[in-house]
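S.K.: First residue of the sequence shown? That's 1 in the numbering used here, and the numbers climb one at a time after it.
There could be a bad hint or two in this list.
To be verified - Label pairs and their calculated CB-CB ranges:
#1 N176 x I259: 32 to 40 angstroms
#2 K289 x L457: 14 to 22 angstroms
#3 L376 x E232: 22 to 30 angstroms
#4 G199 x E479: 32 to 40 angstroms
#5 F50 x I198: 28 to 36 angstroms
#6 N390 x I259: 23 to 31 angstroms
#7 K676 x G529: 30 to 38 angstroms
#8 A111 x N159: 28 to 36 angstroms
#9 I198 x I385: 50 to 58 angstroms
Stated by the list, open to error - Straight-line C-alpha distance at most 25 angstroms; calculated BS3-like pairs for lysine-lysine:
#10 K190 x K138
#11 K62 x K226
#12 K244 x K138
#13 K138 x K200
#14 K540 x K619
#15 K683 x K573
These are calculated hints, taken from the structure and not from any lab test.
For every residue, glycine included, the Cβ atom is placed at its ideal position computed from N, Cα and C.
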Amino acid sequence: MKNERLFLSSAYNDQEHVPQKDIRGLFTKYLHSWSFFLISLALTFSIAYFYIKSTKPVYDIKATLAITDEKKSPDAKEALAELDVTAQPKDIESEVEFIKSRPLIREVVDALQLATNYKDANNYKHSDLYVNTPVRFKLIHSSGDASDLSLLIFIKDANSFVIKSSNGESPMYNFNTLLKNDLGTWELTKTQNFDSYIGKTINISVQNPEDVVTLYQNAIAVTLNKDAPVIELELEDEIPERGKEILNQLITAYKISSIEDKNKVTQSTLKFIDDRLSTLTGELTNAEKNVEGFKSSIGLTDISSKSKFYLDNVQSNDSRLNDVNIQLNVIEGIERYVNSSTSSGNVPATLGISDPGLISLVDQLSKLQLQHDRLLATTPEQNPIFDPLNRQIKSTKAQIKETIVSIKSSLLSVQRELQQNNSGFEASIKDIPGQERQYISIKRQQSIKENLYIYLLQKKEEVSLSYASTITGIRTVEEPYFIAPKSKKQVPYVLALLLGLGVPVSFIYGRDLLKNKVLTRSEIEKATGAHVICELNQNKGDVQIAVLEKGAYAITEQFRSLRTNLHLLYQNKPNGRVTMFTSSVAGEGKSFIASNMGAALAATNRKVIILELDMRRPKISEILKLKSDQPGLSNYLTDEITLAEIIQPSGIHHHLDVIGAGPIPDNPSELLDNIKLDVLINKLRSDYDDILIDTPPLHLVTDALLLARICDVTLYVVKQGYTDKSELTFIKQMVKEDKLPNFNIVFNGIQRSKYGYGYNYDNSYYVNPKQRKQRS
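The task is simple: from the sequences and hints, build the whole structure.
M.R.: Below is the structure:
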């Protein structure tokens, strides 16, 4: 019988074979700690309430800019833009980064003094006084210390204030007076809101300007709509007026910077023209003086028609030759620039060049070089962002070189032809009298200088018009605006609800994990391979013999189920059945189960006796409320007393007897190994139907293993939420080694409300109709 395995019924055998989660059980488990949930929800909702009350609404400030991309719409130029010989198409993708560059943001921070904050220290909210500040902090000279500084200013009267500190108040200071401290030299000036803050305290905090630049550089969002092209600026701020001023100032700084970038190339062109005009002025003056001196010296007042004809032809030829020389001069300057190893400096002007292809390429190179210099101001040159730009510059220079070769060749050919024409005209002029020939030569020099001077003056006026123009191709589509912020109260409350429920759930779940206790039947069977013969609810009453208690219907039925399963284990053996009750550690309820099983078996008119063989800590006598000074098994096994003297009635049922442990011996293990115990069990087998043996915990002492020789069935008790999961390894070892006869497990102390495991019981089936009516 020791190695036989029987199919046993259990009152709760089906639930662990259901794969789905017991949602109702989980709910019941957490509902057991409802007070914890209530406290947690009250705390989180209180925090959410005060957070909403103390948090200021954040406004979303927006603005929109439209940027004219001349590269994409060349036919859309305005009439004035035609005069702008230095206009360059814009790379809109680069403009997005330029708007957020540190130099522009720094201009905004300095212009609006954003590094200085003013707050009302008279209430717990410390309201921001950006709009209504009564004073203005002005730093005259910085000490160079970049650390932040905070001043607590108490406005005493209309003329003076006091600086509060942890050491007490400072002497009084006057407004509009220079003061010195760790920050440097500074002063406080009054504003139009000053009168309403007399007698109040203002907190002035000064931050490192570079930190503020970084803050707004990250806070301002710049988004490009490539289809328009439109750039959207967005900023979140608690003070909408401050947000609008920041975006307005940023737009203004961006427009001014764009104008300055455009004028850099224009200034280079004007400088070239001014330098050339300065040289020509002296040359033209000398030529005019030569004409005047020659005519005065010889009294020449008229020129013959033939001389006039040659003179006109020479002047026309010289004018064309001069144009060619100018173009060659400009082309040589461009050639030197593109052949240079560096890309710094301004691109030479294209004045006088008539080839549209070369003009377009030089304009493109100028634009790329300007973009390169702009990025270089905010980004290290080793940044990979320069790679595509440098490749474009190199490619454009190569195209310019190819174009210059053909243009220069053509111009040199024209130059040689014009020079040959001059030689022919001069040979014809030799026939003219010497004096007239000298006059024509002098007059020709004067005419050349004069025509070139007039041409440069005309170009200077055109470039000056472009320099004076403030048209940048940047248009404000929408001025900075804001709308009332949407209410976000639901977010803190939702978070409070989730946190209020999540913290207790996490705590309970974590507590169960840390406790590492056995909670379900499946854990036992999976870890040990042993069969759970029955599950018993936690006994909630004070009565220890719950099986005979009226009203304890659930646990009564569970003991009846255990009784039935015990009959199946014995295969309906009528009498002489020896059942051992043991466990891993103390407190798992083996004595309670043995006592109640004795009462349950006696209730079926079977003669039952319980042996209290846990001689170290006997509990049976205490549960059955027997006298503790009665002789027991320790006396019998030491030959001090007879069997008849140690058997005593249980007092709860006439078919149930008990043999107590007696006085606690010094050597309980040696007594249990006595052959006299075997004789006693054989005697009891003939006199009783069931012998129930209560033994010590098996993992603490080996007494139960000594008693295994005299037992037929072992009922091993595991208690929910009490037995450590590590004990399951020990139980598995006992099952594997087969040291205990007919090993089965009783799962005791089930608490559905606490652990969400087990079944709810409806006792109405066991209550007669009259009782149900009285209860209703």
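S.K.: If you test the structure against every hint from before, which numbers come out violated?
M.R.: Per hint list: zero violations.
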